[in-house]
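Novice: Please model the complete structure; the sequences and the hints are all you need to start from.
So the sequence lines, in the order shown, correspond to chains A and B.
According to our numbering, the residues represented by the first sequence are 1 to 115, in order.
According to our numbering, the residues represented by the second sequence are 1 to 114, in order.
Bear in mind the hints are in silico, worked out from the structure with no lab data behind them.
Be a bit skeptical, because a hint or two may be false.
DSS-like cross-link-like pairs, simulated, lysine-lysine; straight-line CA separation at most 30 Å [claimed, not checked]:
1. A:Lys11 - B:Lys68
2. A:Lys57 - A:Lys14
3. B:Lys111 - B:Lys42
4. B:Lys42 - A:Lys57
5. B:Lys68 - A:Lys57
6. A:Lys14 - B:Lys42
7. B:Lys111 - B:Lys68
8. A:Lys78 - A:Lys11
9. A:Lys57 - A:Lys78
10. B:Lys42 - B:Lys1
11. A:Lys57 - B:Lys1
12. A:Lys78 - A:Lys14
13. B:Lys1 - A:Lys78
14. B:Lys1 - B:Lys68
15. A:Lys57 - A:Lys11
16. B:Lys68 - A:Lys78
Quick partial rundown of chain A residues pointing at chain B, CB under 8 Å, derived from the structure [claimed, not checked]:
17. Phe33
18. Leu39
19. Gln41
20. Gly42
21. Pro43
22. Tyr48
23. Leu55
24. Asp56
25. Phe66
26. Glu103
27. Gln104
28. Phe105
29. Phe106
30. Gly107
31. Pro108
32. Gly109
Fair warning: this is a prediction, and the values are worked out from it, not measured in the lab.
Even glycine gets a Cβ: it sits at the ideal position worked out from N, Cα and C.
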Amino acid sequence: GAGVSQSPRYKVAKRGQDVALRCDPISGHVSLFWYQQALGQGPEFLTYFQNEAQLDKSGLPSDRFFAERPEGSVSTLKIQRTQQEDSAVYLCASSPRETVDNEQFFGPGTRLTVL
Amino acid sequence: KQEVTQIPAALSVPEGENLVLNCSFTDSAIYNLQWFRQDPGKGLTSLLLIQSSQREQTSGRLNASLDKSSGRSTLYIAASQPGDSATYLCAVSGVTGGGNKLTFGTGTQLKVEL
Numbered sequence: 001g002a003g004v005s006q007s008p009r010y011k012v013a014k015r016g017q018d019v020a021l022r023c024d025p026i027s028g029h030v031s032l033f034w035y036q037q038a039l040g041q042g043p044e045f046l047t048y049f050q051n052e053a054q055l056d057k058s059g060l061p062s063d064r065f066f067a068e069r070p071e072g073s074v075s076t077l078k079i080q081r082t083q084q085e086d087s088a089v090y091l092c093a094s095s096p097r098e099t100v101d102n103e104q105f106f107g108p109g110t111r112l113t114v115l
Numbered sequence: 001k002q003e004v005t006q007i008p009a010a011l012s013v014p015e016g017e018n019l020v021l022n023c024s025f026t027d028s029a030i031y032n033l034q035w036f037r038q039d040p041g042k043g044l045t046s047l048l049l050i051q052s053s054q055r056e057q058t059s060g061r062l063n064a065s066l067d068k069s070s071g072r073s074t075l076y077i078a079a080s081q082p083g084d085s086a087t088y089l090c091a092v093s094g095v096t097g098g099g100n101k102l103t104f105g106t107g108t109q110l111k112v113e114l
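Specialist: So, in structure tokens, the structure goes:
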């Protein structure tokens with residue numbers, strides 16, 4: 001079956017532009033996560049959804065970052081007024097249940113470069 | 001705050017060697033620990049998931065162990081092959097964070113040479 005997909009795979013933005021990154025989780029997966037991975041670092045948690053509810057957004061670095069999952073399936077991570085420090089790979093993951101002991105399945109990521 | 005450390009940061013070995021990658025974490029209150037593989041420019045591929053009640057998991061040439069009380073995990077790769085070259089990341093799902101987010105180490109970059 002299809003895994004987690006993300007689009008676009010690459011995005012170049014000029015500083016100050018808004019960007020929107022899309023995540024299609026595995027069909028039927030309840031939980032969805034966004035992570036940010038800077039060059040040479042491990043991924044860092046941004047936010048978590050259970051169905052359409054955003055239960056944890058403690059990792060979002062500023063109020064320029066906004067995520068939504070309105071119908072409990074596809075999710076969009078929006079970054080307003082992009083800055084150079086936003087350059088990173090943005091990874092989306094999903095898991096089948098809402099319980100805490102389940103495996104997360106990752107997409108290929110979107111590489112964002114802010115000039 | 002949970003911190004995850006991986007040693008070594010980089011490793012180069014000849015083909016056929018058995019090798020061990022190390023992961024340590026500061027808060028032993030975890031639900032599970034997961035090992036991932038990341039190829040350049042790609043996402044993460046899950047290799048093994050160890051629940052907090054388990055001591056080890058095996059998949060093919062891979063064996064991961066977990067000592068929760070000491071905050072350590074090891075990933076053992078037997079008979080390494082050039083195709084094993086990648087970055088290996090460990091991540092823990094912590095009780096403090098509600099168990100719904102992974103805290104990652106910075107990874108071990110492995111190169112297996114012919």
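Novice: Given the hinted pair Lys111 of chain B and Lys42 of chain B, is their Cα-Cα distance within 30 Å?
Specialist: This hinted pair holds, its Cα atoms lying about 16 Å apart.
Novice: Hint check: Lys68 of chain B vs Lys57 of chain A, CA-CA at most 30 Å. Holds or violated?
Specialist: With Cα atoms ~27 Å apart, Lys68 of chain B and Lys57 of chain A stay inside 30 Å; holds.
Novice: Is the Cα-Cα distance between Lys68 of chain B and Lys78 of chain A 30 Å or less?
Specialist: violated (37 Å)
Novice: Taking the closest Cβ pair, is Gln41 of chain A under 8 Å from chain B?
Specialist: holds (6 Å)
Novice: Check the hint pairing Lys42 of chain B with Lys57 of chain A against an upper bound of 30 Å on the C-alpha distance.
Specialist: holds (25 Å)
Novice: Closer than 8 Å between Cβ atoms is the bar; does Phe33 of chain A clear it against chain B? Give me holds or violated.
Specialist: Since the shortest Cβ distance to chain B is 7 Å, the answer is holds.
Novice: Using the nearest Cβ pair, does Glu103 of chain A come within less than 8 Å of chain B?
Specialist: holds (5 Å)
Novice: Closer than 8 Å between Cβ atoms is the bar; does Gly42 of chain A clear it against chain B? Give me holds or violated.
Specialist: With a closest approach of 3 Å, the Gly42 of chain A hint holds.
Novice: Would you mind confirming whether the straight-line C-alpha gap from Lys57 of chain A to Lys1 of chain B stays at or under 30 Å?
Specialist: Distance of about 16 Å is within 30 Å: holds.
Novice: Is the shortest C-beta separation between Leu55 of chain A and chain B less than 8 Å?
Specialist: holds (7 Å)
Novice: Does the nearest C-beta of chain B fall within a distance shorter than 8 Å of the C-beta of Gln104 of chain A?
Specialist: holds (6 Å)
Novice: With 8 Å as the cut and Cβ atoms as the points, is Gly109 of chain A at the interface with chain B?
Specialist: Gly109 of chain A check passes; min Cβ-Cβ to chain B is 5 Å, inside 8 Å.
Hint compliance for this structure: hints 1, 16, 18 and 25 are broken, all remaining hints hold.
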